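Input sequences plus hints: build the corresponding full structure.
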Amino acid sequence: MNRRTLIQDGLDYIEDNLAAEIYASDLAEKAGLSLFYYYRLFQSATGMPIMQYILRRRLLHAIYQIRCGSSKIDAALHYGFDTYAGFYKAFLREFGCTPSAFLKSHRAKQPYRLNLTKEEHMVVTRKKAAEILKHWKLENAAVSDIYYEATGNKNDNAYYIGDAYVLKFTANLGKLENHTELSKSIHSIGLCAATPLITAAGKEYVQDGELYFYLTKRLPGSQMQAADFYEGDCKSKARFVGEILGQLHLVLAKMELPINDANLYETLKGWALPKAQDALGWSDDACSAYLAAFGELYDTLPRQIIHRDPNPGNIICADDKWGFIDFELSERNVRIYDPCYAATALLSETFAGGDPSTLEKWPEIYRNIIRGYDCVVNLTAEERKALPYMILANQLVCVAWFAEQAKYSDLFETNKRMTVWLEDNFHNLCIDA
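Okay, so the sequence shown: first residue is 1 according to our numbering, each after it adds one.
These are calculated hints, taken from the structure and not from any lab test. Predicted model, so just to flag it, every value in this text is computed and none were measured. Watch out, some of these pointers could steer you wrong.
To be verified - Distance condition first, Cα-Cα at most 16 Å in a straight line; then the derived EDC-like pairs of lysine to aspartate or glutamate:
{"no.": "1", "residue 1": "K235", "residue 2": "E360"}
{"no.": "2", "residue 1": "K361", "residue 2": "D233"}
{"no.": "3", "residue 1": "K128", "residue 2": "D145"}
What the hints assert, rightly or not - Have a look at the derived ranges for each label pair, beta carbon to beta carbon:
{"no.": "4", "residue 1": "E256", "residue 2": "K89", "range": "52 to 60 Å"}
{"no.": "5", "residue 1": "K89", "residue 2": "W271", "range": "45 to 53 Å"}
{"no.": "6", "residue 1": "K321", "residue 2": "A24", "range": "45 to 53 Å"}
Positions of the beta carbon are idealized from the N, C-alpha and C atoms, including for glycine.
Okay, structure coming up:
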């Protein structure tokens with residue numbers, strides 16, 4: 001049995017016994033390892049000491065039980081705290097805010113089981129982040145969690161550092177290099193981009209174990225919010241997104257960087273569609289018809305470096321300036337992927353609410369994103385024909401990916417229902433010249 005499997009067995013045992021006494025010595029004995037060696041393996045795999053990990057899991061489960069209606073004292077006692085005051089103090093130390101503030105500001109999600117075979121990153125505590133910040137001489141700066149406003153999910157790959165910086169971390173050096181090269185190139189021509197800050201040793205990132213850390217400034221301005229697109233002048237707001245995506249693509253098209261060359265059609269055929277088929281209830285004939293229609297167009301579609309994740313939270317606006325963040329997923333792909341992704345991201349972040357007026361407005365928002373993009377890059381006839389298939393391709397990839405991520409079960413359900421809705425409204429996705 002390999003080391004990762006041994007630690008995974010320990011994580012599963014912890015998860016099943018959070019309401020009981022758990023001793024590190026018992027975990028080590030079950031793994032057949034010395035306590036000292038097990039401590040080292042556990043921290044290397046998860047990013048935190050055993051007992052701190054157990055405490056964090058108990059706190060997360062307790063706050064979720066409180067959100068679901070349990071009394072504060074009952075939830076605290078169930079997970080091993082002698083008093084609510086003890087739970088309160090431990091929660092404040094671990095998460096940097098009170099339980100009530102956490103419940104008010106964020107959605108206390110049902111805790112998902114950490115799966116070491118699927119998790120790209122390890123848990124990085126605020127204490128660990130502070131240690132890493134010594135490389136930028138910022139070890140005394142405040143470290144705070146980042147939450148996605150649309151979903152309430154915590155960003156597991158970054159922390160805010162004071163009011164001016166963001167510390168990001170990844171186990172994938174290629175993604176870091178993607179972001180670094182693209183953001184520097186974009187910044188060099190005067191556009192806003194979050195470029196890495198150099199460490200005291202003159203490096204762009206810090207390696208610590210299996211993780212790579214890099215620090216950027218927070219861009220001035222604010223992230224776009226999906227809900228804003230359904231109020232006021234929806235058409236102009238949507239067209240603006242299409243136009244700035246087009247402007248970004250004009251810049252990216254000139255770049256020659258060693259970057260992943262993706263084949264979306266092969267991804268659909270070999271993984272996403274088979275994975276999503278059962279969830280969506282598509283017949284074999286429906287899958288074959290979709291692949292045939294999209295496949296006929298795919299090889300004719302213009303390709304270039306794209307952002308790959310232009311959701312509203314990755315678009316920053318300030319007065320007369322705009323910019324994009326998070327180029328970690330950037331790749332060479334079909335260019336209409338980005339405007340189609342932007343449109344479905346706006347739908348995804350509001351779809352769960354079930355507001356009929358939102359669904360009525362979205363097709364026009366989508367069309368204006370495409371029109372704004374078209375006025376900058378000039379879509380080909382084949383791209384216009386491919387737009388509805390690209391929208392569904394995007395969703396099929398989302399459904400397949402979320403199906404494999406236990407922590408995103410709510411987003412899986414939302415995207416599954418959204419894909420069915422888009423399929424039913426396929427005719428509204430067609431855009432004429």
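Hints and how they fare:
| no. | hint | result |
| --- | --- | --- |
| 1 | K235 x E360 | 13 Å, holds |
| 2 | K361 x D233 | 11 Å, holds |
| 3 | K128 x D145 | 13 Å, holds |
| 4 | E256 x K89: 52 to 60 Å | 55 Å, holds |
| 5 | K89 x W271: 45 to 53 Å | 46 Å, holds |
| 6 | K321 x A24: 45 to 53 Å | 52 Å, holds |
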